[in-house]
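Engineer: Residues per chain, in single letters:
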Amino acid sequence: MYALRLWSTRHARGLESLYRVFERVLVALDPLWRGIGYERIERPVAAIEKAIKGLFFDCQMCGQCALSVTGMSCPMNCPKQLRNGPCGGVRGDGHCEVVPAMRCVWVDAWEGSRRMRAGKTAFCVVQTPVDRRLAGKSSWLRVARGITENRT
Amino acid sequence: MIFEDEPEPGKPFPLLPGHSSPGRLERVLRAGVFTVTAELAPPDSAHGEDVYARARIFDGFVDAINATDGSGANCHMSSTAVCALLTRIGYSPVMQISCRDRNRIAIQGDILGASAMGVCNILCLTGDGVEAGDHPQAKPVFDLDCMSLLEIARMLRDESRFQSGRKLTSQPQIFLGAAENPFAPPFDWRPIRLAKKVAAGAQFIQTQYCFDVPRLRAFMTAVEELGLLGKVFILVGVGPLPSAKTAAWLRNHVPGVHIPDEIVKRLAGAAKPKEEGRRICVELIQQIRDIKGVSGVHVMAYRQEEAVADVIATSGVLQGRVPWYPNRDKHLNDQKAAS
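Protein sequence lines, in the order shown, are assigned to chains A and B. Going by my numbering, the first sequence opens with residue 1, and the numbers climb by one from there. Going by my numbering, the second sequence opens with residue 1, and the numbers climb by one from there.
Next up, chain B with everything else stripped away, as it sits in the complex (with noise of 0.2 Å):
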């Protein structure tokens, strides 16, 4: 996809009546295509070459990449750095911010400074509790819950000012979304969090983990009475699983991972396991495609990111569409030059 209004990479696009930013993120899925956005690890490193690295696998595949922040309760490189190094060559991050580790003082500053460094689109989350991490003695604040993060987000951009009610001089232009888990108890009351998360500004929204279509196929009807489709973006999350092993570790101890045991016994019971959860996969991404309401899937391959564009590819989700990164026109004018 080419927008008429191409910026120079690193530069905002021209914001359009109607949209909260100026990013490619909302562009592409205002603009009704099925959207794809994938998950980057940041690394253990205080080198910028290393997140390049990173989001290159990712290359003519995704149109956003969610730079997480500090996931399950584990240090790596701060998500506003990841995103202030990926917007300077013209990627659109996605910024993750969880409640867990800075109050609301630090985070309004963060959003702030993110948005300055041209990050166009925020997930607002809680966060795993310390516990999970390799910190279990560190303080957990959890000053905000998502939702007020989202109130506090949506508030810095449209009413121009801090909770306290001090103005800025100039207001974020950010995309807000949040997460949602339709695969964790208590299951009616999912969908209407997912309404509150609306109220509260949420634009879009990643899902936990999907390996169960029905499960989702109910989650889904139920937001659809709720009058919420067309108020949201919802990017279900995917991934593929490696092993049996894996799949067994992940819904024991990962809370909020749920897989069924027809897809661990087919992991077991395959020759080569890797492959079979990617088709495994691609599956998925087929049958949540045709579900309604979807806007597009969230890939977490984590430990298997080249795996993306495998499945991605093979899923034909994107339809012939070679979403932007750094070169993509010179590539592909390239390509077509040799052909």
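Only chain A is shown next, with the shape it has when bound in the complex (with noise of 0.2 Å):
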């Protein structure tokens, strides 16, 4: 929903360290996960994650999310799904090139970062290509896959 994903830019702070909370709930949730099966959880776990970033970020479900480098404002709504900033077309009022009636996602995404602690110097690391792959899986799962993971 549009209004609601511009509160979440408004509010990108309070979604940080929320996010921070959760990211480490997740992580300690990974025996269970492990125990169920990753492969098995996917779906639910998709589903669920579709739908309440859906609801406060327009996710499209990349499954690579960005939102804590990004202000979270999500890229992927930008007409030409940029994950590094905004393209020059951006118009003098701050609205996209391409859908004139929509404000550019990266002048959220650049508000939204001032506002984060840690978003604030990630906003400027050079993100890497979207790999086409992980399109509709949860990304969720694969961050506490992936630190866990690490850890071992």
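Note that these hints are calculated values from the structure, not bench results. Treat the hints with care, since some could be wrong.
[Said to hold, decoys possible] Covered stretches of chain B (in silico footprint by chain A; criterion: 3 or more residues with CB under 8 Å from a CB of chain A, positions within the stretch not fixed):
| no. | region |
| --- | --- |
| 1 | 134 to 143 |
| 2 | 148 to 155 |
| 3 | 181 to 190 |
| 4 | 195 to 202 |
| 5 | 250 to 263 |
[What the hints assert, rightly or not] Here are the simulated DMTMM-like cross-link-like pairs (lysine to aspartate or glutamate), alpha carbons at most 25 Å apart as the crow flies:
| no. | chain 1 | residue 1 | chain 2 | residue 2 |
| --- | --- | --- | --- | --- |
| 6 | A | K53 | A | E111 |
| 7 | A | K137 | A | D58 |
| 8 | A | K53 | A | E39 |
| 9 | B | K167 | A | D131 |
| 10 | A | K50 | A | D131 |
| 11 | B | K274 | B | D212 |
| 12 | A | K137 | B | D143 |
| 13 | B | K330 | B | E159 |
| 14 | A | K53 | A | E42 |
| 15 | B | K265 | B | E305 |
| 16 | B | K139 | A | D131 |
| 17 | B | K11 | B | D329 |
| 18 | B | K167 | B | D110 |
| 19 | A | K50 | B | D143 |
| 20 | B | K274 | B | D310 |
| 21 | A | K120 | B | E225 |
| 22 | B | K336 | B | E4 |
| 23 | B | K139 | B | D110 |
| 24 | B | K245 | B | E131 |
| 25 | B | K272 | B | E225 |
| 26 | A | K120 | B | E224 |
| 27 | B | K11 | B | D143 |
| 28 | B | K336 | B | D5 |
| 29 | B | K139 | A | D58 |
| 30 | A | K53 | B | D143 |
| 31 | A | K120 | B | D188 |
| 32 | B | K265 | B | D310 |
| 33 | B | K272 | B | E283 |
| 34 | B | K245 | A | D93 |
| 35 | B | K265 | A | D93 |
These numbers were taken from a predicted model, which means no experiment stands behind them. Beta carbons: idealized from backbone N, C-alpha and C, even for Gly.
With the hints as a guide, dock the two chains, each given alone in a separate frame, to form the complex.
Structural biologist: Below, the structure written as structure tokens:
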């Protein structure tokens, strides 16, 4: 929902803290995910993730969530799906070149990132190209699995 | 400017230590002289001579020629082909690559192919949306963005491998560029975005049209504060406006082009707007030249390509230097003999 999406960038700092706690919970629950099987839990978790993130961020389920480094503004809503900042076509009023009725997702991202702690500096790091195979998959489970596997 | 190791036209320069490409543009920029590049609009034709005719207009005034890649999302001859034609007779083209029409498989292949054809400079762009062009029904690709395209191009060159990790048998020797628009919001972010592009691999930058020198100064100050001067060559985009009507159209219809009211008023009040437009362009170039950290200008004179020579000559930025073009030395000797 567009209004909620804008609300989320305005509350980027709170959401950043919330996510930090949530990520710890996800990682702590790794034995549970592992017990059930990451593959088996993938579809229900992806459905929940899609519902929640869809509501707050208009999440497009790219499967490699970048919200924490894009000021809580989903870059996949950019008509060019840019992952590294706005293009040169942003209009004078901060609206999108392709969809003039929409504010540039990167103008929102920039403002959101200024409100964040870690997200403020992470915003300036070059993001790798999207792995299209992950579309529709749960980013949460991928993060939880990645962190636990890196620890061991 | 004549280099001692000037190659036979169509052949590469010897690769100097610290250089990424065997090309003329990198040579000229690293020599520290004020550099001029211009934009060539690829023809809607399948005839090579049409490309040469468009290049000849710039003879003696530009160090490199940009071949646009479906600019404005309109269909034209491909930038790869235009560049391959130009390198055959010794020109140094800048091949523009847009992420709009091709995925990473096609783009990486094109970079290798272009390099094999003697292309030394690549400008990595995101590209306009398909909605802007003559085929709005087309599928926009945008598999990469300009930043990841830069990284992949650098990986091909420096690590000699594809994004997949598969090794190349020989890497492309290319000088990598990117675009930047200091005149579009969010303004505070633009210099940081430039830093990001430099981190991703950009060695030169060609900016969007500059009609607002104070805004450019503020941008360049921020760029200096970020410690980027000396790490990247910045060529500022300029172009002559033919009339107040065109200026108004450009700023309303071409996203990212910012033209202050004073410029539009000056054109509207001029008896000969076309000449006034060129005068404004000359004044802008002279002001831009004096800004710290600017390495040159990139002239975009769409449908006014013949104005480039006039504008550059009047501005005096070349200081008597004659950039290379086919048969330049013969022409200069003939002129000397005649006088």
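Engineer: Where does the structure disagree with the numbered hints, that is, which hint numbers, in rising order?
Structural biologist: Violated: hints 13, 25, 27.
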